[in-house]
Amino acid sequence: MKPMLAVLRREISGYFSTPVAYVFIVVFLFTAGIFTFYLGQFFERGQADLKSFFMFHPWLYLFFLPAIAMRLWAEERKAGTIELLLTLPIPLWAAVLGKFLAAWAFAGIALALTFPLWLTVNWLGNPDNGVIFAGYIGSFLMAGAYLAIGSCMSAVTKNQVIAFVLSVLVCFIFTVSGAPMVLGFFQGWAPTLIVDTIASFSFLAHFNAITEGVIDLRDLVFFLSLIAVWLYANAVVVDFKKAG
Amino acid sequence: MIDIKNLVKQFGPFTAVDNISFSVAKGEVLGFLGPNGAGKSTTMKMLCGFLNPTSGSIAVCGHDVEAEPLAARRAIGYLPEGAPTYADMTARGFLDFIADVRGLAGKDRQWRLDKVVDQINIKDVLDQPIDTLSKGYKRRVGLAQAILHDPPVLVLDEPTDGLDPNQKHEVRGLIQAMARDKAIIISTHILEEVEAVCSRAIIIARGRILAEGKPEGSAGWRIGEMLAGPGKLDAAFREITQARAA
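Chains A and B are the protein sequences, given in the same order.
The first sequence lines up with residues 1 to 244 when you count with my numbering.
The second sequence lines up with residues 1 to 246 when you count with my numbering.
Keep in mind that the hints were calculated from the coordinates and are not lab data.
Please read all numbers here as calculations on a predicted model, not as lab measurements.
From the three backbone atoms N, C-alpha and C, an ideal C-beta is built for every residue, glycine too.
Watch out, some of these pointers could steer you wrong.
[Said to hold, decoys possible] Partner residues aside, some chain B positions facing chain A, computed with beta carbon under 8 Å: (1) ARG73; (2) GLY82; (3) GLY103.
When you get a sec, could you build the whole thing from the sequences and use the hints?
Following this line, the structure appears as structure tokens:
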């Protein structure tokens with residue numbers, strides 16, 4: 001546990017030791033605002049809720065979170081510090097989890113800093129704060145799933161740009177797998193079971209279900225198990241590279 | 001304290017380390033010599049658990065590196081090639097991180113940190129980010145990381161590379177001072193360093209051990225069948241590595 005916390009602390013301070021973290025947070029908040037007010041028509045809708053805020057999260061995360069995760073392993077491999085990290089008495093799971101949790105915490109901070117929107121909507125009307133709370137939980141869980149994918153992709157290469165592109169690609173597949181465009185492609189010939197399976201992997205479907213205000217156990221399990229699977233893959237990739 | 005048996009490492013069709021066996025006892029400083037690409041670093045990486053051997057076994061203080069990786073790693077202080085450190089951290093932050101990971105706590109932790117900072121002479125730069133430090137200081141911070149937990153086994157990959165003559169002298173003094181109660185392996189291609197600090201040497205090339213050497217008092221070093229007088233080690237080295245390679 002102790003080595004895991006040490007890795008976690010080091011990674012978090014790694015985010016904030018350069019201006020990158022602050023720039024990232026500012027750009028994230030700015031973009032989230034634009035999406036909410038212009039594309040989401042927050043005011044025009046005349047509804048006291050944050051639906052127009054949450055509905056764009058999958059698309060925001062698609063680009064922002066791979067940018068957070070891309071450095072996790074690729075940077076260490078490039079700088080050679082991975083040799084230090086992997087020869088210290090740290091169990092592999094602790095290194096993988098520590099890095100992931102640091103990225104997740106960072107995403108959580110960025111998400112929490114959108115609280116002025118929540119204040120605004122409460123000032124303007126009487127929203128159902130339970131639904132908003134569920135939205136935040138769902139958004140945070142979904143962020144974890146994107147980051148776990150990004151972390152795994154970061155372990156594949158020592159080039160951060162490649163890590164970024166790969167994880168955007170994989171995240172995109174998971175995001176849109178429930179969209180009519182994708183399902184329509186399969187519906188013509190594939191059995192229903194396969195189509196349903198593909199649809200069930202969609203971040204959008206699970207996330208939208210949570211933002212409706214219903215925190216269904218199945219949606220929680222979906223995101224948490226997805227995180228677990230990708231982190232396991234992450235550890236396998238790191239371990240595989242030891243074989244040379 | 002270090003036992004390496006029939007160690008082999010293959011990268012695809014290329015054999016980087018070809019059936020190497022040796023051991024290092026407490027109190028010994030083993031010099032690991034060889035031309036670039038001889039397999040020195042690869043051997044050290046396997047010893048420290050960064051690469052898995054293709055075959056053969058490595059035990060550190062009785063712990064098999066593959067079966068009990070954490071126990072083996074706790075016993076080792078390792079300075080990887082190029083002395084990588086987290087460039088965005090300060091020297092102090094970096095050493096704190098290592099102390100956390102190594103599980104140093106309480107009084108002992110502060111005592112070890114103070115002692116290492118003093119031994120390696122990095123007090124002046126403790127609060128500077130590592131990427132602003134000179135090459136010599138970076139390497140010393142890397143070395144501080146390796147000896148922080150006072151390990152029984154030290155593995156140093158080119159510890160004096162990039163240091164100026166004064167700093168080299170200091171680091172060699174440090175290695176000699178630590179030699180009594182540790183098993184130390186250093187890799188180098190500076191042969192005067194071998195004469196200065198090592199109690200034994202192994203010459204490897206193309207993954208194989210070509211010769212072993214020991215100092216013979218004032219007569220110099222005996223390497224294989226050759227006797228190299230004081231300061232003549234490099235001639236012997238060239239003869240051995242080039243004759244066998246041809």
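Do the hints match the structure? See the list:
1. At about 4 Å, the closest approach between the beta carbon of ARG73 (chain B) and any beta carbon in chain A falls short of 8 Å, and the interface hint on this residue holds.
2. With 8 Å as the threshold, the beta carbon of GLY82 (chain B) comes within range of chain A, its nearest partner Cβ sitting at about 6 Å, so the hint holds.
3. For GLY103 (chain B), the interface hint holds, since its Cβ comes within 8 Å of a Cβ in chain A; the closest pair sits about 6 Å apart.
Hint check: no violations occur; every hint is consistent with the structure.
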